[in-house]
Structure formats: C-alpha cells, structure tokens
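Residue numbers (this note's numbering), protein chains in the order written: chain R, 374 to 763; chain S, -1 to 465.
Source of the hints: derived by calculation from the structure; they are not laboratory data.
Hints may be right or wrong, so weigh each one.
As the list claims (entries may be wrong) - Stretch by stretch, here's where chain S covers chain R in the computed footprint (C-beta under 8 Å, at least three residues): (1) 431 to 440; (2) 490 to 497; (3) 550 to 561; (4) 679 to 689.
By construction, the Cβ of each residue, glycine as well, lies at the ideal position given by its N, Cα and C atoms.
Listed below, chain by chain, are the residues.
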Amino acid sequence: MRSPTMDTQMNRRDFLRLLTVGTGVLLASPYITFASAETDRRFIFIIQRGAADGLNTVIPYADPAYAKLRGALAIDVSKATRLDSLFALHPSLVETAKLYASGQALFVHAVASPYRDRSHFDGQNVLETGGTAPYQMKDGWLNRLLTLLPKSQSEAIAFASTVPMALRGKVEVTSYAPSALPQASDDLLMRVSQLYSNDAQLHALWMAAMDARSMADEPGSKQDPASFDKLAASFLARADGPRIAMIETGGWDTHTGQEGRLARQLKALDTLVASLREGLGQTWQKTTIVVATEFGRTAAANGTGGTDHGTASATMILGGDVNGGRVIADWPGLGNSALYEGRDLKPTTHLDTLISSIIAQGFGVDPEKLAATLFPDSKLSKLTTGLLRS
Amino acid sequence: MLTSVFDMSPAAIATNRFGLGSRPDEAAPADPKKWLLAQFSLYQPAPAAWANQTKTSVLLADYVKKQMEMRKADEEEKKSAKRMFKREVRDDYLAAVRARAEAALTTPSPFIERLVHFWANHFAISIEKPAVADFAGAFELEAIRPYVLGNFKDMLFAVEQHPAMLLYLDQARSIGPQSMAARRAAERQPDKKRGLNENLAREIMELHTLGVRSGYTQADVTEFARAMTGWSIAGIGNGKERNNDVDTNGFMFRPQLHEPGNRTIMGKRYNQTGKAQATAVLADLAASPATATHIATKLARHFVSDTPPASLIDRLSKVFLQDGGNLTSLYRTLVEAPETWAPTPAKFKTPWEWVISSLRGLGRQNLDGINIAPILNQLGQPVWRPGSPAGYDDIAGTWAAPNALMRRVELAQRLAAPLGDKLDARKLGEKLLIGAISTQTQTAIARSESASTGLALLLVSPEFLRR
C-alpha cells in the first residue's frame, strides 16, 4: 500500500539530491514548481446536481422585481438572514450564516459556467469537465488540477462509491463511501490484488480502493448522513489525508413543491458544511469549499409551485481563511429587459474565473498555467485576488 | 486502459454480451446468432415472476382513494396514514424489484430481457417521489415490457401516458396559462399563479426522442409544453372528471387544462385541438431522424463500446427510419453487425448486469434468502432510482471506480460463502466464460484457500466484470 508521507520524503530527498548535483536539466523539471507550492491546503468541491435555485438561496430581496416574479415562492426577508442592503440568506442556512458573520463565507451571485442551454446532463458535463461545450473534454478539471500539484498533495477522493466526472482523468483518485455489506476477508483482498496485477485498469482502481479502506477508522460504519459527513471530515483532517475532495449532492431540481424541498435541501447542505468545519478542526483554517451548480432556475415561478431550468445562479465559497462576510455580484437586476432570454438571471461572473482565482491563490499555482490547465478553452476574465486571506 | 488478456468466443458473446450471463445448466449455444434471433418468439411480456404485480389501474384507484381520505383526515390521522402508505409503497417496491430480478434469472429469452432493462433505463423514472415508487413496477410491466418487440412510437406513447411518468416529470400538474381552468382559478384566487411546467416536454425532446443539441430551442420546448397541457391522470388533481375519456392505465385528457390555440414546434404548425395536438407532435418526434440517431447511438453504445463506431450507428439509424421505428429490425441489425461480435470485451458491466450475471452463474432460479433491492443500493445502482430522468450511464467511467469495486468483492464473498461445497469454481469458470478465461484467473481460482473463495474470485475476475 502507498504511504503518502513516505512519498513526500522521497520526493524531497530526491529533489535535494538532484539539486546539489546541479544539473541544468533540472530547471525544466516539474519538481521546481511543485516545491514552491508546498502547502497543506484542502480544497473541497460540493456539486449541487439538478440546478440549484440561486435566487432563493442568496435572495436579492431589495431587487424590486424579486417578490413579483416569485409570488408565493418569494422568501420572506424577515425570516431570512440579511447579508447586505441587497441580499439575504435562506433561513435554512443557519450554520452558513454564522460563517458569514465571522467572515468565513463569501457568496458570489449571477454566476454561470460557459454553458448556456438548459439540459442538466450537458450542464453538469460542462461544469465538471471545465470545457466550454458538452463532451468536448474527456477528463475533469479537478483531476487536471492534480497534475499541477506536488505529489504529496495530489491525493484526491470522491465521497461516493463511484468517481464523478470532475475527478475523472489521468491521475488516479480514490472513492469511498461506507458499506453495509460484510467486509471482505484479508485473504480474499490479497488474492484479488494478485488477480488484478496484470490488468492496468482494475489494478489501479483496486490499489486506490485499498488505500481509502486503510483511512477509514471503522470500515462499514453507519450510513446515516450525519456520520457520513463526519467520516468525510475525518479523512480530510488527517495529515496524510487527501488534499482534494468532491462531494455530490442531488435533489435540487425543484419544478414543483419548491418551498419545502429547497428548505430541506439547504438544511442538509448546511449540516454538511457544519460537520466539515467541526470535523476538520485546525485544518479548517486551510480549507476552501466551493459549492456550485450546473445552472440556475427561472427568475419567475412556474405554474406549479416551482421554477424551471434557468441560467445564472449563486456560488458559495466557504472556509477558515476565506475573505468573506460579503456578497460579490455585478448585479444585472431582475427587470424584464435585464433577464437572459427574457426569463433567467443573466450571468455576469464566470464560474471558471472564480474557481481559477480561488485555486491560484490557495495553492500558489501560477494563474496563467492554472487557467490553461483547468479551463483551456474558456475566455477567462482577469482573475480576482483577495478571495482568501492568506 | 483496458488490458485484453483474453478474447471472447462467439458463444460467450451471445450469452454474456447480448444475454444476461451464462447459467451452469445451459449448454453453450451451438449457433450463437440463431440462438439470439430465436428469442423473439420465446419472449414473455408478462412472465410468472411478475404474476403478483398489481395493475396500474388498481394502484391508481387506491392512490386516489388514499389521497381523498388524507384530505379529510385530521393531522394525527394524516400522519399515520402517510406512514402506512409509505410502508405499503416500500413493500410493493421491494416485491417489484424482486420480480424484475427473478424474471432475469429464469427468462427463456435473456437477450430480450436485457432490452427490457435497456428501454426501462432509456425511459427512466426515479422513485424519490413516493408516488412514482408506487407505480414503478407497474410502469415497467405495462409501459415497457409489452412494447420491446414492437414499435418505438407505441412504447413512447405508453410511457408518456403512464401515471409514473406523468407524475415523475410533473406533467400532471401543468396548466395552460390561458386555459379555462387557469382563467377560472385566477378569478377565484388572483394571487395564486397557475401555469406551465415544462419538465416533461423538455425531457421528451432531450432524453426520450430527439436527443440533446439536435436543433430544438427553448421556444420549441415551451411550445411543446403548451401542447402537452391537459395530459393528465384520472382522479388526481384539478378539475371535474365527467365527460372525460379515461384510458386503461389511468391516462386522461382534461380539456379544461389545455392551452388554446395553434402551436409551432421546430418550424411545423400544429393546428389540432385538444389531446390530438400533443399526439401529433409526439408522433413527429418519434419518427424524426434525430430520434433515429439518438436511439441508434444508445443501442450501439450498449452492445459494442462506450464510444460506438459511426458505421453501426449509421446502419441502425437508417433501419430505424426505413422500418418506421420497428424495434425487432434494430435488434436484427445488431445481431447481424460484425461490430457487436468484436472479441474484445469492451463493456464494463453495470452493477445490475454484474449481480444478475453472478446469480445466473451460480445457478440461482429465485431469490429466496436474498434481499435484492438493498444489494443494488450498496453497489450504487438502486433499481428505478437513477436520481435523474437521464437514467443510469452506460459507460465504464461511471461504474469502474475504487469503492464500487470493493463492494463487488464484498458481495461476491457473501454470495459464494454458502455455495463452496456445491459448485467447483474451476469447472464453473470454463462453463460460464465459454473458453474466454485467462491462465491468471484459472491459477488464482485453483490456488484459493477455499472453494468459496474460488467462486468469489471468479465473480470478480477481469473476465467476469466485463462483457
């Protein structure tokens, strides 16, 4: 089994040894870049599958069109947390509001990926691959991020049984979710390792699975959401744990019964965020969480107590050193003429630029190289600085 | 990525790639193509395993009755009635999943049974909504199974008019903004907005027929949603029901919900009134060249590889258009295609495919003592719960993952444990994989510390995980 700590030592020793030899070739070696990026930052991407309603999450209560467009679905601002003179936060996001109050939550509004149609599956593909059109890129931007990080920090995990698109690609990643099945015997595990030794695909998957298994304190632990959240945090809190993680949430496609459903969805997200903050302990100070969705929902309520597929939405950036306590929005307004195609919140911030800005600062990676690797075809705006404190 | 250490024989391709996996009591097909084509006449739309499934009409009547009682009940009664309904739905769901799996274990036509699973996933419903869960088994039995050897258009209509789909994608509640019902309601309650829900209209175009990025626009989706208004379910929701025409499966057209006026969809004018309007649109969608390409691509992907060859997609697509959506013509084309007989097993089995082939391989004819639904949850593919109307992915990237592989190993151990002294894994491997077994796997099985470990290794071997 791999030991990440050993790897780090080996790499550093190799690096130093080679450096003292002083070969000119080394200057072109990727180790140089890696060494300068030595940090133990954690980056967690939480995807909201199904097109989360940004307008009822970070609510533009002071926009004169909001209440009229949303009718009965409009959130009563007296029950929500006021964020500033324009926006308020959905009342279910209690813990997130506390983070905002302590400057550890930043909301960005009217955000969208380059995708402009309204198919969930195409939209999620663009969001996860980092392409500009669906199925144009074959791997995920989180996986490509791993290629820019030093080996010691390039371990990534999906908290799911399978690996979501954003994490698929050249670099092997692991996946973990607690199992209710009886554990396999050590003998069987060993024999399976041998069985797969000549099969490149299965061998790599199996090694990653064994790795994740060794990190779980109690394999087969309970599957309720609260203990799942804690388990995720316990993996990430380890000094030798993964640096990059992805967590999937579903159920955001609220065509009907939105009021209750969105409240429950946001409550679950709020609990997840709180568990991560608690479980990460000191590591929370070096953790950045990005919560994003494939696209937003219609500005107006539909005819069945919900909203249909839209365009721009809201993105959350959470973590111990997030320069938060503010909402960033080049607010396009919700007036009829301001709406995208006469129905949706118009995008004014590129999600790709936002993600690049956070990662460039967090991991100290060269911004141009980062953008070219993560979002090679996106026309990124100038990266924003100061989204994190460090 | 894929290491090919073995090639599949034509007999192994017939039973394991086209079929649901070999069974120890079945001889390897002598003429694989003939064996597959003969299954057209062996297929049972309503096999014994499904005998206890309650019919849609009965489920619907019961559902409507319960909703009525619930409206009258006080808070306490409501709670306990809801709990009871939830339990009933869960029991019915578990029974239906078992029926589906037992049909797959005992079928005389495993190739056609595989196609049932294919179409049920193409027209995916997802049981997060309790009402959908109630109808899931009946949906497969009544809207999918009778049509797999028929015409695409007939299956399309059966699916889009079934309560499970109308509830899942919110069609039952969509109302034309200018319809009689909306105007009357606006007089009574001016604050409460009633109107369109475009969910089903969009997914029919994107997922069920034309396919995404095939040229339709947001305006086409909205127009189609307007045409669909009135497509509803008997007994549920808005409006009185006299004079309405109720279909056997509970589909009902409610004229008072229908948006008046002509529609223009993808440049074509639809002047029909009432139910006939969406019927005409749906019939055009069923016969569209984009639909032919979409269906051809999905079938080719299912039987050849994650990135299917354009040559086969073209042929299937032409056959679809030429034979007016005749599905058996498509299946014949698949059986005759050289591409589907490529010896390299390019498909990584989905959890469903792997469990069913494992149980068949171990000689199971029923699921006594095995609770199949939770097993599929553990493997990451709960039946009728893909969580999205796109259904489950049909590519290796989705299923070949570290934790998912560990789960298969855990389950293989559990399935094999009680069978160690009854089956010889060495012989079984030869039998099930029909010659396509590597020396490495044979050695691993032969050296295992117990007979049951040998069986478990066979089930998780590289050969058995792929088809």
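Tested hints:
Under a criterion of three residues with beta carbons nearer than 8 Å to beta carbons of chain S, the stated coverage of the stretch 431 to 440 of chain R fails, only 0 such residues being counted. Three residues within the 8 Å Cβ limit are the bar, and the stretch 490 to 497 of chain R against chain S gives 6, so the coverage statement holds. A stretch counts as covered by a chain when three or more of its residues have a beta carbon under 8 Å from one of that chain; for the stretch 550 to 561 of chain R and chain S the count is 10, and the coverage holds. Here's how the stretch 679 to 689 of chain R fares: 3 of its residues keep a CB closer than 8 Å to some CB of chain S, so the rule of at least three is met and the hint holds.
Going down the numbered hints, you'll see the structure goes against just number 1.
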